[in-house]
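> Given the coordinates of chain A, work out where chains B and C should sit on it, guided by the hints.
The residues making up each chain are set out below.
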Amino acid sequence: MLDALKDVVRKSSIHVCLINTGGCNGCDIEVVALLSPRYDLEQYGIYVHNNPREADVLLITGAVCEQWKENLQRIYSKAPEPKVVVAIGNCPLTGDVFNQEGSSVYAPVSDFIPVDAEIPGCPPRPAEILAAILAVGPDAIAAKGRQKP
Amino acid sequence: MPMSSVIWYLYEFARKSWAESFAIAKTNPEIVETPERFRDFPQVFPEYCIACGACTAACPAPNAIKLIRSEDNAEEEGQTYPVINNRGCIRCGFCAEVCPTDPKTITCGENHLIREDFTILPTERMFVIDDYLCIRCKKCLKACQVEGAITEEDNKIIIDQSKCIACGNCLDSCPVKGAIKGIYIAHVQEQKDIIKIIVNSLEESIEDKREDISHLSDDEVYKFDLNIDVMVDRARSILSDDDIILDIFQKVTDRLKLRIVTWDDEKCNRCQLCVNECPSGAITYNKEEDVVERDTEKCLRCSICYQTCPFGVAGYYIARFLLDPPSLDDGVIHITVKASQLPIGAD
Amino acid sequence: MILPIGPIHPGLKEPVRLKLKTQGEKVISAEIDFGYVHRGIERVMKGKTWQKGIFLSERVCGICSYIHTQTFAETFEKIAGERVPLRAQYLRSLTNELDRIQSHFIANSTYFKAIEHETLFMYMLHLREPVMDAIELLTGNRVNMGWNVVGGVRMDAEEKHLNSIYQIITNLEAEYDKYVEMFEEGPLLGLRSKDVGKMSKKDAIKGRAVGPIGRGSGLKHDVREDHHTYKDEFDWKVIWRKEGDNYARTMNRFDEISESIKIIKQVIENIPPGDVRKKIKIPAGYADWRNEAPRGEVAYMAETNGNLIQNISIRTPSIMNIDVCGKYMLQDVATVADAVATYASVDPCVACTERVIILNEKGEKTEFDGLHKVKYLQ
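Residue numbers (numbering that gives the first Met the number 0), protein chains in the order written: chain A, 0 to 148; chain B, 0 to 346; chain C, 0 to 377.
Chain A extracted, bound-state conformation:
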């Protein structure tokens, strides 16, 4: 009973933190576009706060740069349980065009922190991001919350 109640609460209020670990900024503005009245992310109870300490979902955009190798793990450890990591775009998945000889990226991001969902695209359309977050986010958070620590 309590779990079911917690599930409902967890599903209906999701706080999101956006972390750009070295991308081109394209995925970031597509997430900002999600806030616009046309997509209206907040009607689903999802708030983009950019504060890792109150985040349920960490959105990672960008291949991991030199500075982020340790800082990303620090941010991940600061987010409270249950938490879900969503990788947006190709950079966190494979390093995109940057992952070539001579660059200083350390993709994929799953080498550093566990990733729960992936959205490929360079950048993905806002509708694709929205669909993926809604399909994965609420249930994953509820399921993670039910796990015993």
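It is possible that some hints are incorrect.
Mimicking BS3-like on lysine-lysine, the simulated pairs with C-alpha atoms at most 27 Å apart in a straight line are [to be verified]:
1. B:Lys162 / C:Lys236
2. C:Lys177 / C:Lys236
3. A:Lys68 / C:Lys45
4. B:Lys141 / B:Lys15
5. B:Lys15 / A:Lys10
6. B:Lys191 / B:Lys176
7. C:Lys47 / B:Lys250
8. C:Lys236 / A:Lys77
9. B:Lys162 / C:Lys18
10. B:Lys137 / B:Lys15
11. C:Lys193 / B:Lys195
A few chain A residues that don't get close to chain C, going by computed Cβ distances all over 10 Å [unchecked claim]:
12. Met0
13. Asp6
14. Val7
15. Ser11
16. Asn24
17. Ala32
18. Gly44
19. Val135
These aren't lab readings, by the way, just hints derived from the structure by calculation.
By construction, the Cβ of each residue, glycine as well, lies at the ideal position given by its N, Cα and C atoms.
Same frame as chain A, now just chains B and C:
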């Protein structure tokens, strides 16, 4: 007027449509509609593929596309076709643009409709026909998948570089070794360094056998083998691409003809004929010790001293090479040294 | 005390670190740290063909991705000594202005978010969406368009595309005056913006401010004045203001949007028929080229051996603009909240600024002086 606004809110909530939209959040369907030109991830039709590799060469993302080959079965051979990795694809549509098949193997938005004469392909290799060696068998014309890439003009076979997709089919079909050359146009400096390493080590290995060579008679042939492991290791430290390294090894061993000049001081009668003839000043006469000296660093191996000397002090030999089998792992260079057939004695 | 903000912070959309030296609520001076999104694009481009390089240059920055490809293409066209067909020039200007409009909308919306005016923030994003639709309609993608090639643009715009873009732009023009008026005449917004984060013209010249930031401080300079298409084909004027505060910078961007709308209308009305692409053979050589990005002047210097890029250097506007923000605008600001708003008003684009770290032979960081002196680490 707080009261009236409260009433207004209550009234608004009482409306059914408002309450519905409040309870069931949904977004308008129009946001998922995409325009015609929208480039989604490319679609692949494996049945049209000719396995030319144009798409993989054109793709700017390193992990996006690769050619795979399905397994052979009893009826037919396996089909080769490209596979798009969505996690690496940047949806630029360039692969659809360069695909030379008709109908296209890869489609992406409307990019595959771009006119063919504008397709530009960034290639790593350039294929050229050596007119001197070409026997005009026209096998390459039949093997070529792209119309108009290889043409015949004035009884010459020519590759049109603007249409060539660098698939390499012509090279495989050519019966004459060296008539069609596939040149790697990237990493030119690295290729030069590797060629230097190979030529220098070949020369050193022959230098070690100098004693044996100087006793060769005119129609004798001296053979020995050279292991290439050390050279390959050094080449790999410069360039990581094994294909290019093997290509260089083969080209060097096929085309290189090393000339070797030996010098036998005991036969010398100090006539000093060679000193004036030498074009690079490598041969000098030392008055104090009464010897003719040859500086190997300056020597051009032009063979003039060999042809001038009446006593046979200078020996002139030619070395040729063969890499067999043509592989980097278990290949061995066979070296053949034999005396030159040039006429001797100043005329 | 020193108050650090970032790199991950509710007020910032990109990772950057602000170190504010404060006395009570008052900000005395500020320092801005970069280095969180350095990817090494220029090093990756070296040794690639331009066909691959143009897609890499697109990913220098996601917001102004279009102008990077245009400048890249025009640099290589300059090496070849050729110009693209007139229809291609028109289509390039059209996309450039659409991109400028959407970029200015997102810049202003970020500023309104920083001064906690959520209403205008939402309105700006609402106005931006139709423009994004127009871009997607024309080029096939919303952000990284893949639209330019050396020698023109990849696809022709059909009549129906141009008509619907015209429709979108006319609707936008009719609607958006209302929201500009909200900002221009709103007394509270004025209090929050006027006389905050001031930069004099002298400082702007000294700090090499470019784009709307320089023009907001009275620097009448727009690279489009020198561009052959804009100079010869369109009737437009440079927007500039004297005040040099947050209000001037934001209003400057609003006015530039209406100027861009004017240019787009001229493009669609006068677009000539013809080819949109021609084949250009690139010889070996060196060239530089500059263009007006939404944030100011972007310059490319490239050297090629005819086939591969041998050296390339990109100078983006944000590096100067963020620099003047730290040096001149964030001195003696009344409150910390104003400091964040001032930083947002500069329209910083951190992804732009970080591509290459220049070291001397001993491995220490040095200033960049001239492309030909650069040697890449192997």
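> So, for every hint listed, does it hold in this structure?
Tested hints:
1. B:Lys162 / C:Lys236: Violated: Lys162 of chain B and Lys236 of chain C sit about 45 Å apart, past 27 Å.
2. C:Lys177 / C:Lys236: Holds - the C-alpha atoms of Lys236 of chain C and Lys177 of chain C are around 23 Å apart, at most 27 Å.
3. A:Lys68 / C:Lys45: Status holds; Cα separation ~25 Å.
4. B:Lys141 / B:Lys15: 74 Å, violated
5. B:Lys15 / A:Lys10: Answer holds: Lys15 of chain B to Lys10 of chain A is near 25 Å, not above 27 Å.
6. B:Lys191 / B:Lys176: OK: Lys191 of chain B and Lys176 of chain B at ~22 Å, within 27 Å.
7. C:Lys47 / B:Lys250: 25 Å, holds
8. C:Lys236 / A:Lys77: 51 Å, violated
9. B:Lys162 / C:Lys18: This hinted pair is violated, its Cα atoms lying about 57 Å apart.
10. B:Lys137 / B:Lys15: Between Lys137 of chain B and Lys15 of chain B the Cα gap is close to 80 Å, so the pair fails against 27 Å, i.e. violated.
11. C:Lys193 / B:Lys195: 69 Å, violated
12. Met0: At about 35 Å from chain C, Met0 of chain A clears the 10 Å cut-off, so the statement holds.
13. Asp6: At about 27 Å from chain C, Asp6 of chain A clears the 10 Å cut-off, so the statement holds.
14. Val7: 27 Å, holds
15. Ser11: Given a closest Cβ separation of 21 Å, the condition holds.
16. Asn24: 4 Å, violated
17. Ala32: Ala32 of chain A not clear of chain C: closest Cβ-Cβ about 7 Å, inside 10 Å.
18. Gly44: 17 Å, holds
19. Val135: At about 22 Å from chain C, Val135 of chain A clears the 10 Å cut-off, so the statement holds.
Consistency note: the structure conflicts with the earlier hints numbered 1, 4, 8, 9, 10, 11, 16 and 17.
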